[in-house]
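*Asks:* Residue strings, one per chain:
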Amino acid sequence: MFQNFRQAMAWLHTWFGLVLGFVLMAAFFFGALSVFDREIDRWALPATRFEPQPMPSFERVLRPAFERLQPDPALVEAMRPRVDGPMPERFDRIAYWSAYTTHRDPVLAIYAGWEVPGAKNPDEQLYALGTIDPRDGSALRDDQLKIGSGFFYPMHYSLTVDWKNLGFWIVGLAAMAMLAALVSGVVMHRRLFRELFTFRPDRARLRSVLDLHNLTGVVALPFHFFFAFTGLLIFASTYYFPVGHTQLHDLHELHEKHEAAALGLPHGRSGVPAGLANVDAMVAEAQRRWEARGMAGDVGFLVLQHVGDANGYVSVYRAGTDRIALVGQGIHFKADTGELLREDPPATPAARVAEFLTGLHLQHFRHWLLRWLYVLGGLSGAACIATGFLFFVEKRKRQHAARGSQGARIVDALAVAAVTGMVLATLGILVANRVLPEDLAGRGDWERWAFWGTWLASLVHAAWRSAPVARGLPNPAWREQAWAIALLAVAAPVLNWITTGDHLLRTLGQGYWPVAGVDLSLLAAAAISASAAVRLGRKARAAAAAAALREAEAGQGEAVHA
Amino acid sequence: MSATSIRSRHPRLQLAARVGAGVVGGYVFAWGFIAAGMALMSKAGMEFHDAEFVASALGLLLWLAVLLGVVAGRRNPAWAWLGLLGGGALLAALGSFVQSTMA
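Sequences listed follow chains A and B, in order. Reading the first sequence from the start, the letters are residues 1 to 562 in my numbering. Reading the second sequence from the start, the letters are residues 1001 to 1103 in my numbering.
One or more of the hints may lead you astray.
Unchecked claim - Here are the computed lysine to aspartate or glutamate pairs in the DMTMM-like style, where the Cα-Cα straight-line distance is at most 20 Å:
#1 A:K257 <-> B:D1050
#2 A:K120 <-> A:D84
#3 A:K257 <-> A:D344
#4 A:K120 <-> A:E89
#5 A:K257 <-> A:E115
#6 B:K1043 <-> A:E253
#7 B:K1043 <-> A:D250
#8 A:K120 <-> A:D92
#9 A:K257 <-> A:D123
#10 A:K395 <-> A:D211
#11 A:K257 <-> B:E1047
#12 A:K257 <-> A:E124
#13 B:K1043 <-> A:E256
#14 A:K257 <-> A:E343
#15 A:K539 <-> A:E551
#16 A:K120 <-> A:D250
#17 B:K1043 <-> A:E259
#18 A:K164 <-> A:E124
Since the hints were derived computationally from the structure, they do not count as laboratory data.
Starting from the given sequences, assemble the full structure and let the hints guide the process.
*Replies:* Laid out in structure tokens, this is it:
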């Protein structure tokens, strides 16, 4: 098949990279944006532009908010066929109430789950989520799209294709291809260290594109490997290898029963009604215990299991603001008496490794410099893949032109859509967010359509303008879309100013970085894109002049011969 | 018709079979490895979710190694399919067996 290992790796690198690179671009680019997902939410939802809040009082704020929650009627309707007997008017067999917050969240997302009487599968529950203002407990509209945490974030791991979890599988396969491309890339290149310092922008286009591909790949090699690998690992036991939920389900159940017995935490409901003691007192006790350990901290995760049942208990977890683990130091109380049930022991070595790997990927801790380095790492991954596409096209363009093949032309059009098109789609949803009327029905859906519509338009434009590639020349769509990016990236902050009054002087003056940061990043993107467009224009003119000269010389030659 | 002649006559089919073995066969083999690993480590006294995490992490790396090895391999890909599917099934059966001794 292949002459040697290196040749096999080169084949794998080229073709896996080409086929799944388009998905990887999205994973890296939207992953980079997800680093600031909550800040993008603030930009997109002006009513939530206030300072991050600690976990609010349960008795005063959370309890009324949880009591208001009921499952969405559509979910209730969807479950009806899987239930014996009628559905209750009001769901009151509470499986859990929970709230999770970080040092970057002004609004609080709350979750509730209910057991359904008569459910054919007793494990199937109904759930609901809500968003509240933690300062007074008032419910915030939950039909608004959180563009950062509710769209860009899931885009980076599932492309928001939820049907049969297809999106998770596509991205998972792409992550596996990324790992394979990294290993095969290292095998292909012997002079790894030298490539760290090699970029020759003045050389022929093919050479400088390859330099940049190698540079972005090698500089951030550990970063790329880590994120592709931990991304797979985070979802492994849920989506990719759900062994514990399928084949070894019995072992899982057995473990849960043993654990419940060993820990003194009840497994399942007892069926005996019981009250709920003061949860704020339990939270205060948990905080006192953390302080006694020399690690005073805020509550990150609060969860109440089996509320209203004698087996109910309350778990209080410390926010991981100052450490890599998302949350930790769990302390559990009996719900009806408030009595301490147990304090979690120190994590086992395997659990510590798991906390470290997932915590470092998800990065909920406070470290703004590292946060920006993540963005740079993610963008360098996207740049590495984009330059990979360009190298593929540049290497084949002239041969394909000579043979009359359309291969390079098609790949180039797809690359335009994957690179500039993806940025345009991102700007499209932000601009739509600012121009659509506030009370438009299904506003979030319109925003999503703006995103996909812009992306599709970019692909159509790239294909329509791609004819020169078949003659070995560059596609003008690159330059035109770069100008479109510059235009939209200026329009977005201007529209933010017009619709909310929050211009940069004000947000910078107030030190409100979530919105100022998004605006500044947009303007930086506009500047970079405009300068790229100018350069591309200059090169196109030079190429056109050279082509004209060649034709003129050929014409003269013919005249002499005649 | 010998395997060699299929190889030379249908290089694309041969390549597709090889890549398929690496991706699909590798997945099945990794599943078996994770199931057997989880069950055995649990049996040996490791906490269930710790065993799940360790087995998944190693299983993912195993899948990557199998994918690279099979694509670069020289032998007829039918052997890779056979070995990976058979090996995966055997490992998965081992996992279920160990589970049955515990529940």
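*Asks:* Now tell me if each hint is right for this structure.
*Replies:* Results of checking the hints against the structure:
1. Proximity of K257 of chain A to D1050 of chain B is assessed by CA-CA distance (about 16 Å); at most 20 Å being required, the pair is judged to hold.
2. Restraint check for K120 of chain A and D84 of chain A: the C-alpha separation of about 7 Å stays at or below 20 Å, so the hint holds.
3. A C-alpha spacing of about 17 Å is found between K257 of chain A and D344 of chain A, which places the hinted pair at or below 20 Å, so the restraint holds.
4. A distance of roughly 19 Å separates the Cα atoms of K120 of chain A and E89 of chain A; the hinted pair therefore holds under the 20 Å criterion.
5. Among the hinted pairs, K257 of chain A with E115 of chain A is consistent with the structure: their alpha-carbon atoms are about 19 Å apart, no more than 20 Å.
6. For the hint pairing K1043 of chain B with E253 of chain A, the CA-to-CA distance comes to about 14 Å; that is within 20 Å, so the pair holds.
7. This hinted pair checks out: K1043 of chain B and D250 of chain A have alpha carbons roughly 13 Å apart, not beyond 20 Å.
8. At most 20 Å may separate the alpha-carbon atoms for a hinted pair to count; K120 of chain A and D92 of chain A meet this at roughly 18 Å.
9. About 15 Å separates the Cα atoms of K257 of chain A and D123 of chain A, which keeps this hinted pair within 20 Å; it holds.
10. Of the pairs offered as hints, the one joining K395 of chain A and D211 of chain A holds, with about 14 Å between alpha carbons and a cut-off of 20 Å not exceeded.
11. Restraint check for K257 of chain A and E1047 of chain B: satisfied, since their Cα atoms lie roughly 13 Å apart, inside the 20 Å limit.
12. Proximity of K257 of chain A to E124 of chain A is assessed by CA-CA distance (about 19 Å); at most 20 Å being required, the pair is judged to hold.
13. For the hint linking K1043 of chain B to E256 of chain A, the alpha-carbon distance of about 15 Å falls within 20 Å, and the restraint holds.
14. Between K257 of chain A and E343 of chain A, the direct Cα distance comes to roughly 18 Å. Compliance with the 20 Å bound is thereby established for this hinted pair.
15. Our distance criterion of 20 Å between C-alpha atoms is met by K539 of chain A and E551 of chain A, whose separation comes to about 18 Å.
16. At most 20 Å may separate the alpha-carbon atoms for a hinted pair to count; K120 of chain A and D250 of chain A meet this at roughly 19 Å.
17. Under the criterion of a C-alpha separation no larger than 20 Å, the hint pairing K1043 of chain B with E259 of chain A is consistent with the structure, at around 15 Å.
18. The hinted pair formed by K164 of chain A and E124 of chain A meets the criterion: a straight-line CA distance of about 17 Å does not exceed 20 Å.
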